[in-house]
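Q: Let the sequences and hints guide you as you build the complete structure.
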Amino acid sequence: MNDLLSMMARHGYALTFCVLLAEAIGLPFPSAIALVVAGAAVASHTLVGPTVLLTGMTALLLGDISQFWLGRYAGWALLGFLCRLSMNPETCILRSAESFYKRGKTTLLIAKFIPGINTMAAPLAGSMKMPFGQFLRLDFTGAFLYCLTYLLVGYGSRDFLANLLSGFHAAGRALEGVVIVALVVYAVYHIAQAVKYRKYDVVPRVQVQELAARLASADAINVQIADVRSHGYYDRGAERIRGSIRIEPNNLEEEIKSLPKDKDIYLYCT
Amino acid sequence: MAHLLREKGFNTFVIVGGLTAWRKAGEPLESVPKDDLVKLPTFS
Chain A
1 MNDLLSMMAR
11 HGYALTFCVL
21 LAEAIGLPFP
31 SAIALVVAGA
41 AVASHTLVGP
51 TVLLTGMTAL
61 LLGDISQFWL
71 GRYAGWALLG
81 FLCRLSMNPE
91 TCILRSAESF
101 YKRGKTTLLI
111 AKFIPGINTM
121 AAPLAGSMKM
131 PFGQFLRLDF
141 TGAFLYCLTY
151 LLVGYGSRDF
161 LANLLSGFHA
171 AGRALEGVVI
181 VALVVYAVYH
191 IAQAVKYRKY
201 DVVPRVQVQE
211 LAARLASADA
221 INVQIADVRS
231 HGYYDRGAER
241 IRGSIRIEPN
251 NLEEEIKSLP
261 KDKDIYLYCT
Chain B
271 MAHLLREKGF
281 NTFVIVGGLT
291 AWRKAGEPLE
301 SVPKDDLVKL
311 PTFS
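Here the protein sequences come in this chain order: A and B. Numbering-wise, the numbering used here puts 263 at position 263 of the first sequence, and it's gapless, one number per residue. Plus 270 on top of the position in the second sequence (first one is 1) and you've got the numbering used here.
Just so you know, these hints were derived from the structure itself, not from any lab. Incorrect hints may appear among the rest.
Reference excerpt, derived from the structure (chain A facing chain B, CB under 10 Å, subset only) [said to hold, decoys possible]:
1. P204
2. V206
3. T270
Simulated restraints, written as ranges between beta carbons of each label pair [what the hints assert, rightly or not]:
4. A:S66 to B:E277: 20 to 28 Å
5. A:K105 to B:D305: 20 to 28 Å
6. A:Q134 to B:S301: 54 to 62 Å
7. A:L145 to B:R293: 42 to 50 Å
8. A:P131 to B:G279: 42 to 50 Å
9. B:H273 to A:L136: 40 to 48 Å
10. B:H273 to A:W69: 32 to 40 Å
11. B:G296 to A:D219: 20 to 28 Å
12. A:A220 to B:K304: 23 to 31 Å
13. B:T290 to A:G104: 31 to 39 Å
14. B:S301 to A:G133: 29 to 37 Å
Using N, Cα and C, we set each Cβ at its ideal position, and we do this for glycine too.
A: Printed below as a string of structure tokens:
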């Protein structure tokens, strides 16, 4: 704990700023942990509370504002790019957008507490044409709540963190065991995922030329092409395959009611 | 999604390469209808 605190004393504000800014612009950095450590440093009088709070909020707001304007001008293309970093790119945007549907503008107040949505909230607000002043007020409040919460957690758990870190030093072998178990769990999880998704191989895949030939034949009446993009479809000036219909992935149960069961359905995304 | 639709009795296929491959092949496209664009959620 003393090593950590001495490092925080030397670079605490800069570290807090960089980690929070990195996460705000979409990089996978643990801003909550940085704030908890900073809170512990405040408790031990290594850092000054209001300054850390101001530093953290400044970093978050800088990142969020840049993402807001990128979202405004790059639209859903930026969201698609950010979502490529996630485990499930196709549902990433939909999950974030769904949060806006359900909670409305107040999503910005809690977004930073929700992994996945935290990075997407600002660019989504930009692409959804939220007025900048309104965004700034909500995001400022959200950043304040987020920073204050985790700083207080760190402040209140300074002794716990000290015990935890000293425990790590004393129990190096136990830590190795934990790492090995974590690696095994990781490997098992990925094997299970591979087995789970193997069933998707049963869906036939067709080449463009094959489908085009069928469309040019008399058999075209038995073909229905469906656009299932989760993003890009709603961009201004967007195009789709001629004659295709839209299936909104976020509303599948309703959408399939109007799908023809007597036709072969060809799905495509970006 | 194709698998989900298959489970519900639809005969589905997936176009390899999606819209990008279709465009590259020079196959016909059309603009997304304006009626669809109103689905885009906005705060303005």
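Q: Now look at each hint and say whether the structure bears it out.
A: Hints and how they fare:
1. P204: Since the shortest Cβ distance to chain B is 5 Å, the answer is holds.
2. V206: 5 Å, holds
3. T270: Nearest chain B Cβ about 5 Å off; hint holds.
4. A:S66 to B:E277: 20 to 28 Å: Once the Cβ atoms are compared, 43 Å apart, the range 20 to 28 Å for E277 of chain B and S66 of chain A is violated.
5. A:K105 to B:D305: 20 to 28 Å: 26 Å, holds
6. A:Q134 to B:S301: 54 to 62 Å: Taking Cβ atoms as reference, Q134 of chain A and S301 of chain B lie about 32 Å apart, which means the hint is violated.
7. A:L145 to B:R293: 42 to 50 Å: 45 Å, holds
8. A:P131 to B:G279: 42 to 50 Å: Once the Cβ atoms are compared, 46 Å apart, the range 42 to 50 Å for G279 of chain B and P131 of chain A holds.
9. B:H273 to A:L136: 40 to 48 Å: For H273 of chain B and L136 of chain A the Cβ distance comes to about 43 Å; the hint holds.
10. B:H273 to A:W69: 32 to 40 Å: The hint (32 to 40 Å, Cβ to Cβ) holds, given that H273 of chain B and W69 of chain A are roughly 39 Å apart.
11. B:G296 to A:D219: 20 to 28 Å: Cβ of G296 of chain B to Cβ of D219 of chain A: about 21 Å, so the range 20 to 28 Å holds.
12. A:A220 to B:K304: 23 to 31 Å: Given range 23 to 31 Å: holds, Cβ gap about 26 Å.
13. B:T290 to A:G104: 31 to 39 Å: 35 Å, holds
14. B:S301 to A:G133: 29 to 37 Å: Holds, since S301 of chain B and G133 of chain A (Cβ atoms, about 34 Å apart) stay within the stated range.
Hint check: violations occur at hints 4 and 6; the rest are consistent with the structure.
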